Every structure is written in structure tokens, then in C-alpha cells.
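Chemist: Here the protein sequences line up with chains A and B, keeping their order. At position 34 of the first sequence (counting the first as 1) the number is 34 in our numbering, and the numbers step up by one without a gap. At position 46 of the second sequence (counting the first as 1) the number is 46 in our numbering, and the numbers step up by one without a gap.
Hint data in this document are derived by calculation from the structure and do not stem from the laboratory. Careful, some of the hints might be misleading.
[What the hints assert, rightly or not] In the SDA-like style, the derived pairs of lysine to any residue whose C-alpha atoms are separated by at most 20 Å in a straight line are:
1. B:220 x B:25
2. A:20 x B:177
3. B:197 x A:8
Owing to the predicted nature of the structure, the values given are computational and were not obtained by experimental measurement.
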Amino acid sequence: MLLPLIQIAVVCALLVYFIKWRGSMRRRNTQTWDSLLSQLRSDWSARELGEQFLWKEGLTATTDDIWQRLDGPRGLWAMFQNARVLLQMADYANRNAAPGATPIDPMVLETLRSDAMQIRLCVLMALGQYAMSQATAGVKVNAFRAANMYSGMAARMTSLIQDHAAVILPDFVAAM
Amino acid sequence: MAPDTAISLAAVALEAAVLFSLVRHRVFRTFPVFSIYVAWTLVSDITSLLIFTFHPTAYFRYYLVEMIIDSALQFTVLVELTWSVLRPVRSSLPRATIYVLALLIAVAGLVIWPLAAQTVPPRLNAQGVLLFHLQETFAILRIVCFLVMASFSQVLSIGWRDRELQIATGFGVYSIVYLLVMLQHSHQLTTDPGYHKLDFVVTISYLGTLSYWVISFAAKEQERKEFSPQMQQLLLLMSGGARAGRVALSDLPSDRLRKKD
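Chain A extracted, bound-state conformation (with noise of 0.2 Å):
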């Protein structure tokens, strides 16, 4: 009487699972341009990575420094939700381009999406290997990968926005 129930309730869970997973999905390509740039973790700053952090691309500092700097699986996990909010740019610009306007180049979205991915690769591997072993040499090596595309995109985001919309380059300099 017990395997029936069990199995029922299994395949219930799949359901909601399911469901639950369609509605993200569907709130995922319906979400505006502002909703997306909220959605960048504000409550961690990156700041600390680098002396000239979103001025200037790559890290000096050694991959132990990136990792107290990063405040350990924190900063990780900061860094892996901002990454989902940058590829989630990606579909949306790709979504949204108006068909009279210059196409994006494929290339570009490429490079986003893979740089993107990359961050949440390198975060999940130093954030299973950290719940192992906690900080070895491999989980500051991810670590710090990880925070290096991190740096880097930040950095051109900001060249960006001070190039194109210098008012609001306090409040998205403060954001990160």
C-alpha cells in the first residue's frame, strides 16, 4: 500500500516541479530591460577585487587575496546569480532586436552567453569542491577565474555607461 502512495507523491513532486519551473521560464522571457539590471545583486560588492576594479580589466592580486577578497562562497554566489542576469541580457537582446535595426552579430551574443556560462561553471566547481574540502588550492584557482571574467565584464560595462549614459555612472558604480 506504501509503493503506490510513494511513487504517486513522487511523480506529484515532478508536477509542481514542473509547473513551478514553466512559470520561471515564462516570467524569464517577459521580464523588461529595468527588471533585468534590478535583479544585479546590489547587497556584494566586487569593489574589493581589484585596485582598479570596473576601470580597468583583469586581477593583480593572488588567488588566496581574490578569495578573502571575495568573502569566500558569498562573492561566489554573487557572482554566479549576476552571471545568470547577464546571460539572461544576452536572450533578451537577441529576443528584442528590432528587425530594421542593425542585427546584433551572433558573435557578440556568443562571447556573452560563453563568458557567462563560464562564471557559473567556475563558481559551481569552487562551491562543490569549498563544501568538500573548504578552501584548497583548486577552490581559490576557480575562485579566481571566475572573478577574473567577472572583473572583466564589469569593467566594460562601466567604460560603457560612461561613455553612453554618464548620469546614471554613480548609481551603477556604487550598485557593484
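Based on the hints, put chain B in the right spot on chain A.
Modeler: Leaving out everything else, chain B in the frame of chain A:
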């Protein structure tokens, strides 16, 4: 008119409407295999109605053959949908990825096959066992595929287009209802009074799925939102990369960048 015939006619009408929507809104260009599958279900259901009416003794044999072809087509639909979901990252994947995907889905089916055998209801004849086994294997395979695709795309944050989401929703909900009924059947005898009432639930969910597809394919895809040149530039710069960098620099009008040029 018998209720079974009325339900079959309703299914045929809805399948024709789904096929019409696929052609009318050019969804078949993006999902040719899924469109072929819908066309197949339409043709096979009409044939099945005719055989049931004029040669009832041959019906079960026909149904078994039809199910085998149907399962093979479902397999190709799963491969097509998975490949379509991977579209954003497709160019960075090796060319043989689609074959690897097909192989992975086939291996998953082979793993599920013996597991599904555990839940075949007692006292079925050999053909009935094969039919039940095949249907349950594919119901589980569809669910497993959608779950893996959903969780994989959530981890990597891969977005699904509206059409992909609509096809997966239809298949997913129908498969889960189907599996629930199959699980219940596995603890029943075919002579139980409630056995065929549960089949009615599957039929209703199938008709619901078809209706959902008719409505969703008829609706236009999400309208474009504003995507200003500033937003485009933002992405250009964020995307980095050598080529992207060149594109961005050549497009930027600021004095600072002009000096660089």
C-alpha cells in the same frame, strides 16, 4: 454516437487544428520533426478509427504497430527539442553533439525499459504487456528528458523560447498525467471497475494538451520590447572578446575612442 467514437473524432479534429496552426504560423520551420509527429498522429488516428469500424479484429495488431512507430517518432521529437533548447550555445558545441544527444536519450530509454517492466499490471496477455511496457517506458523517458533539460538549463541559465516552452509544457503535463494513471494501473487488475475510468483521465489530458497547443500556437510570439542602441552597446562592451571588442570600438562615437582609432 458512442462516447469513444465522439472522443476519437474530437481528438482527430484537434490534431488537425494543431497541424493547421503549425503550418499557418510557420512553426514547422523551427520544429519539422514535431510537425511530422503531429501529422502522423492525425493520419494514424483516422486510420485507427476506420480499422476499428470496419475490421475490429485487426485493431489490436494495428495499434501495436502504430505504437512502435509513434514511440520512434517521439524519440526524434525529444532529440529535436533538446537540440533546439541548446541553440544559444550550439555554435560552441562540436558538430557531433546532436548524435551524442540522440545516443544519450537512447541509453536513457534502455535504462528505463527494465525499470518500467516492474510496474506492468498482472494478468495481461503478451501483446498487452508489450504495449503497456512500451507506453510506460516512453512516458518516463519524456519526463526524464524534460527534467534533465529543465535542470540543466536552470543551472546554465539557458532561456527557452516560447514555442519550445509550449511544446515541452504540452508533452510534460500529458506525460505526468499518463504516468500517474499507469502507476495506478500497475496495482489494478484490468477487470477492476475503475480501470477504464482512469484511462478516461488520460484521454481528457490528451485533448487538453491538443487544445493548449491550438491556442498557444495560434497566439503570436512575445512582442518585441524596446531594445535601444544604448542597450545594444552595453551588450557589445560586456561581451568582450577580440571580435566583439573591434565591433564595439568601431561603433562608439566618443572622443576618447576616436583618438584611439
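Chemist: Does residue 177 of chain B lie within 20 Å of residue 20 of chain A when you go C-alpha to C-alpha?
Modeler: 16 Å, holds
Chemist: Compare the distance between the alpha carbons of residue 220 of chain B and residue 25 of chain B with 20 Å, and conclude whether the hinted pair is satisfied.
Modeler: Holds, at about 8 Å.
Chemist: Within a Cα-Cα threshold of 20 Å, do residue 197 of chain B and residue 8 of chain A meet the stated pairing?
Modeler: This hinted pair holds, its Cα atoms lying about 18 Å apart.
This entry satisfies every hint, going by the numbered hints stated previously.
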